[in-house]
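Using the sequences and the accompanying hints, generate a full structural model.
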Amino acid sequence: MKAAVLTGTHQLEVVRDWPEPAAGPKDVVVALEGLGICGSDLSLYDGHRELPSTPWVVGHEAFGRIVTVGAEVTNREAGQRVVIEPNYSCLQCANCKRGLTSACTDRAIVGMNTPGILAERFAAPAEYTHVVPEELAVEDLACFEPFTVARTAVKRSGITKGERALVLGGGAQGLLVSQSLLALGVEPVVIEPHPGRLRRIVELGAAATTDDDKDFLWLFETTGVAPALAEGLGRLAAGATITMVGLTPAPLPITMEQVVRGQYTVRGSLIYDHPADFQAALGDVVADRVRPSVAITDTFAFDDAADAFAGARERAGKTWIAG
Numbered sequence: 639m640k641a642a643v644l645t646g647t648h649q650l651e652v653v654r655d656w657p658e659p660a661a662g663p664k665d666v667v668v669a670l671e672g673l674g675i676c677g678s679d680l681s682l683y684d685g686h687r688e689l690p691s692t693p694w695v696v697g698h699e700a701f702g703r704i705v706t707v708g709a710e711v712t713n714r715e716a717g718q719r720v721v722i723e724p725n726y727s728c729l730q731c732a733n734c735k736r737g738l739t740s741a742c743t744d745r746a747i748v749g750m751n752t753p754g755i756l757a758e759r760f761a762a763p764a765e766y767t768h769v770v771p772e773e774l775a776v777e778d779l780a781c782f783e784p785f786t787v788a789r790t791a792v793k794r795s796g797i798t799k800g801e802r803a804l805v806l807g808g809g810a811q812g813l814l815v816s817q818s819l820l821a822l823g824v825e826p827v828v829i830e831p832h833p834g835r836l837r838r839i840v841e842l843g844a845a846a847t848t849d850d851d852k853d854f855l856w857l858f859e860t861t862g863v864a865p866a867l868a869e870g871l872g873r874l875a876a877g878a879t880i881t882m883v884g885l886t887p888a889p890l891p892i893t894m895e896q897v898v899r900g901q902y903t904v905r906g907s908l909i910y911d912h913p914a915d916f917q918a919a920l921g922d923v924v925a926d927r928v929r930p931s932v933a934i935t936d937t938f939a940f941d942d943a944a945d946a947f948a949g950a951r952e953r954a955g956k957t958w959i960a961g
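Quick note on the numbering used here: the sequence shown kicks off at 639 and runs consecutively.
In case anyone wonders, no lab produced these hints; they're calculated from the structure. Mixed in with the good hints there might be a few duds.
Stated by the list, open to error - Derived DSS-like pairs: lysine-lysine, alpha-carbon spacing no greater than 30 angstroms straight-line:
(1) 640 - 664
(2) 793 - 735
(3) 852 - 799
(4) 735 - 640
Shown next as structure tokens:
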């Protein structure tokens with residue numbers, strides 16, 4: 639079968655002799671219908687993250703149809719369309735037991751420390767597949783996992799209807815955070831230097847910042863670029879809540895004195911917690927409160943996966959691969 643594999647930095651190819659997956663007793667085998675490309679995938683592609691082995695199957699934001707169920711699976715069946723929750727927590731560690739599965743100390747991260755799923759068929763734990771209605775658009779499913787990340791960050795922040803929020807970044811995650819805020823009745827105001835991304839996010843309901851936009855009580859950092867946070871800090875009111883979604887190893891451009899004098903609450907938001915956050919996100923999509931597909935600008939065929947990855951960082955929106 640076909641699979642997209644990395645053999646080195648910027649060296650991605652579609653092979654046609656990848657082994658077929660086997661379903662363990664608690665697994666299902668899924669026929670891929672589509673997969674979105676995200677920054678984590680690109681960190682491997684660009685060589686910023688070491689490949690666990692080569693060749694390495696990439697990808698994790700997937701959906702498809704179940705073709706086989708394991709012997710102990712009773713609540714999934716062949717033919718169902720599912721989205722994949724690609725962070726398999728152990729459910730046994732202290733963090734998992736207190737509901738913080740996102741901080742699992744033994745988490746299997748699909749495409750990062752366990753093989754990815756950009757293949758014609760792949761196996762996944764049945765518990766980490768979520769059955770979706772047939773009527774949902776496939777483009778929405780291609781963006782479902784990053785939408786869940788965005789929605790969870792908004793939920794964790796504690797922001798409520800009627801507020802204004804400063805969003806740093808208008809890429810896919812910034813756009814999905816903005817859509818989550820709009821669905822909640824919050825006005826997102828965005829800082830984004832890329833003209834195409836800014837234009838798109840404004841067309842979809844957010845506002846672009848002006849020099850007069852200050853005294854925000856809520857900030858969402860989605861870029862993973864430390865200087866972006868530095869710019870946002872100057873627009874905050876005392877007592878503001880800062881929710882950080884973007885990842886970078888760079889030191890934060892904020893001092894202890896700034897935090898204390900500003901009386902800021904700083905919150906990191908890492909992915910989502912199993913299973914409630916995925917289920918809540920699905921509820922929003924089914925109810926048509928949010929359309930994750932608005933983040934998409936480019937679609938590629940499976941055989942063109944190398945081209946999809948090669949230009950993903952430069953595109954104004956999100957790239958996905960149709961299986």
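So, going through the hints one by one against the coordinates:
no.: 1; hint: 640 - 664; in the structure: holds (24 angstroms)
no.: 2; hint: 793 - 735; in the structure: holds (20 angstroms)
no.: 3; hint: 852 - 799; in the structure: holds (19 angstroms)
no.: 4; hint: 735 - 640; in the structure: violated (38 angstroms)
Against the hints set out earlier in the document, a violation occurs for number 4 only.
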